[in-house]
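Number of protein chains: 2
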Amino acid sequence: LKISLIGAGNVAWHLAQLFEKNNHTILEIYSRDLSNSEKLSRKLLCTQATDDLNFSKSKAELFVIALADDALEDCISMLKIPEECIVAHTSGSQPIAVLKNLPNPKGVFYPLQTFSKHKEVNLAKSVLCIEGSDKPTEQILLQLANEISKNVRLVNSAQRKILHIAAVFACNFTNHLLTISQEILEKENAPFDLMKPLILETIEKALKTNPKSSQTGPAVRKDKQIIQTHMEYLKEDKDKQAIYQLLTDSIEKMYK
Amino acid sequence: LKISLIGAGNVAWHLAQLFEKNNHTILEIYSRDLSNSEKLSRKLLCTQATDDLNFSKSKAELFVIALADDALEDCISMLKIPEECIVAHTSGSQPIAVLKNLPNPKGVFYPLQTFSKHKEVNLAKSVLCIEGSDKPTEQILLQLANEISKNVRLVNSAQRKILHIAAVFACNFTNHLLTISQEILEKENAPFDLMKPLILETIEKALKTNPKSSQTGPAVRKDKQIIQTHMEYLKEDKDKQAIYQLLTDSIEKMYK
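These protein sequence lines are chains A and B, in that order. In terms of our numbering, the first sequence is numbered consecutively and its last residue is 858. In terms of our numbering, the second sequence is numbered consecutively and its last residue is 858.
Take these hints with a grain of salt, some might be off.
Claimed, not checked - Only pairs whose alpha carbons sit at most 27 Å apart, straight line, appear in this in silico DSS-like list of lysine-lysine:
1) Lys645/B with Lys810/A
2) Lys641/B with Lys814/A
3) Lys858/B with Lys837/A
4) Lys719/A with Lys858/B
5) Lys824/B with Lys858/A
6) Lys810/B with Lys824/B
7) Lys858/B with Lys721/A
8) Lys727/A with Lys604/A
9) Lys661/A with Lys737/A
10) Lys789/B with Lys837/B
11) Lys727/A with Lys814/B
If you're looking for bench data, these hints aren't it; they were derived computationally from the structure.
Could you build the full structure based on these sequences and the hints that come with them?
Next comes the structure, spelled out in structure tokens:
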């Protein structure tokens with residue numbers, strides 16, 4: 603497949619290189635900031651970097667739009683691509699209908715995964731969510747997805763939105779709590795490494811049984827005295843204290 | 603060592619069996635609810651279950667108090683043990699001074715880990731925090747700890763409290779977010795299994811690099827449009843919506 607990518611962020615970064623590894627050709631990479639598309643194109647065999655959304659002469663059979671949602675609509679309104687190629691976005695929260703003003707066959711290619719540029723990701727074990735505006739498009743995207751992942755699902759726009767919300771809690775917010783934990787330790791010159799065995803056991807237990815039945819700690823034990831001590835310690839950091847309070851209340855409510 | 607345990611909850615459950623595996627003798631298990639101490643004593647070779655805190659004739663050399671903090675003070679005030687044996691508690695948040703009314707040598711034996719009865723825990727890889735009221739007591743507890751874990755630390759009461767607060771964020775609250783994620787999915791008949799590759803990658807990345815630099819998602823990207831869509835979806839569940847809002851604000855603040 604001849605593929606072009608709109609976007610040079612974390613998702614585009616990983617997808618472009620994976621597509622190429624699977625013997626597809628990456629023709630073009632667009633980024634508003636040319637230096638970003640150039641950085642990614644240097645990682646690839648024969649890709650042209652550009653900051654121009656006019657692709658009317660492109661030979662690509664598939665355009666993958668991997669942009670932050672805030673940038674998506676503007677980009678789609680300015681994008682010029684040949685009518686016969688497939689256009690797919692990679693967003694968890696945007697319906698396929700966001701592409702409706704384009705006459706092309708449309709799709710979604712959403713990896714349910716977290717990407718950072720300098721961390722390899724095993725997409726083979728990641729869930730890849732596919733949607734197509736018609737059966738032939740769906741088939742082409744499914745085939746491309748199956749080359750990359752062993753866990754490909756047909757997921758419509760409404761279901762995908764739910765997955766994305768669940769993922770924000772399970773991934774983004776979870777990571778933020780680890781960051782807060784790191785900050786609490788570093789403020790007292792204790793290494794974050796001390797938490798690692800505990801974090802690994804927490805996750806292993808939650809995934810082996812299920813998180814609801816794995817809950818431990820002062821809130822589920824209703825250990826008011828500890829909670830009070832912790833709230834007192836956190837009083838100089840109102841933001842962390844508010845998070846402690848809200849999550850403690852939420853746990854107490856769930857297990858009352 | 604002849605050891606008796608005060609408490610038959612999750613921590614006592616695992617410690618008693620581990621001590622016995624390391625050739626120590628568990629003489630007695632106390633629980634306010636006799637059926638609980640009996641349940642645990644049946645897992646052990648020759649342990650007496652009791653609901654009586656009068657151990658004045660006990661032959662134990664070490665009493666380990668593994669109780670919820672709310673129950674700790676009452677128990678200590680009623681506990682009768684021979685004066686020469688060591689008494690240690692397992693609490694993250696209680697100082698060693700909580701034992702001050704006892705004339706015995708005192709200590710703390712705090713496993714920085716999450717325990718549920720029906721899940722095996724690898725304590726060998728867990729951090730074990732030790733404190734002693736005097737050098738000989740410290741040495742005995744260190745030796746016992748080193749038999750169980752490869753990651754034993756001398757940690758004083760103030761440091762231990764910080765570790766416990768950091769652990770509540772990294773473990774208890776993290777697990778609760780996974781539960782919320784599970785609830786969001788199950789409400790829409792989607793399996794929680796879909797999240798597992800994402801959760802594993804999130805944790806692997808956070809522990810390999812560090813959580814602060816691993817943050818992804820709409821909040822750190824300041825993707826207001828997605829955040830708005832998610833808040834709208836969550837409006838029928840005010841508790842989840844409040845958590846989404848507070849953690850999103852906290853992430854935006856941290857990376858502004």
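Going down the list of hints, with the structure as the test:
1. For the hint linking Lys645/B to Lys810/A, the alpha-carbon distance of about 23 Å falls within 27 Å, and the restraint holds.
2. Between the alpha carbons of Lys641/B and Lys814/A the distance comes to roughly 24 Å, so the proposed pair stays at or under 27 Å and holds.
3. As the CA atoms of Lys858/B and Lys837/A are separated by approximately 23 Å, the hinted pair is consistent with the 27 Å bound.
4. Under the criterion of a C-alpha separation no larger than 27 Å, the hint pairing Lys719/A with Lys858/B is consistent with the structure, at around 20 Å.
5. Between the alpha carbons of Lys824/B and Lys858/A the distance comes to roughly 35 Å, so the proposed pair goes past 27 Å and is violated.
6. Pair hint Lys810/B plus Lys824/B holds up; C-alpha atoms about 25 Å apart against a cutoff of 27 Å.
7. The hinted pair formed by Lys858/B and Lys721/A meets the criterion: a straight-line CA distance of about 23 Å does not exceed 27 Å.
8. Restraint check: the Cα-Cα separation between Lys727/A and Lys604/A comes to about 25 Å, which is no more than 27 Å; the hinted pair holds.
9. Proposed proximity of Lys661/A and Lys737/A is supported: the alpha carbons are some 23 Å apart, at most 27 Å.
10. For the proposed pair Lys789/B and Lys837/B, the alpha carbon gap of about 14 Å is at most 27 Å, so the pair holds.
11. Straight-line distance between C-alpha atoms of Lys727/A and Lys814/B comes to about 24 Å, which keeps the hinted pair within the 27 Å bound.
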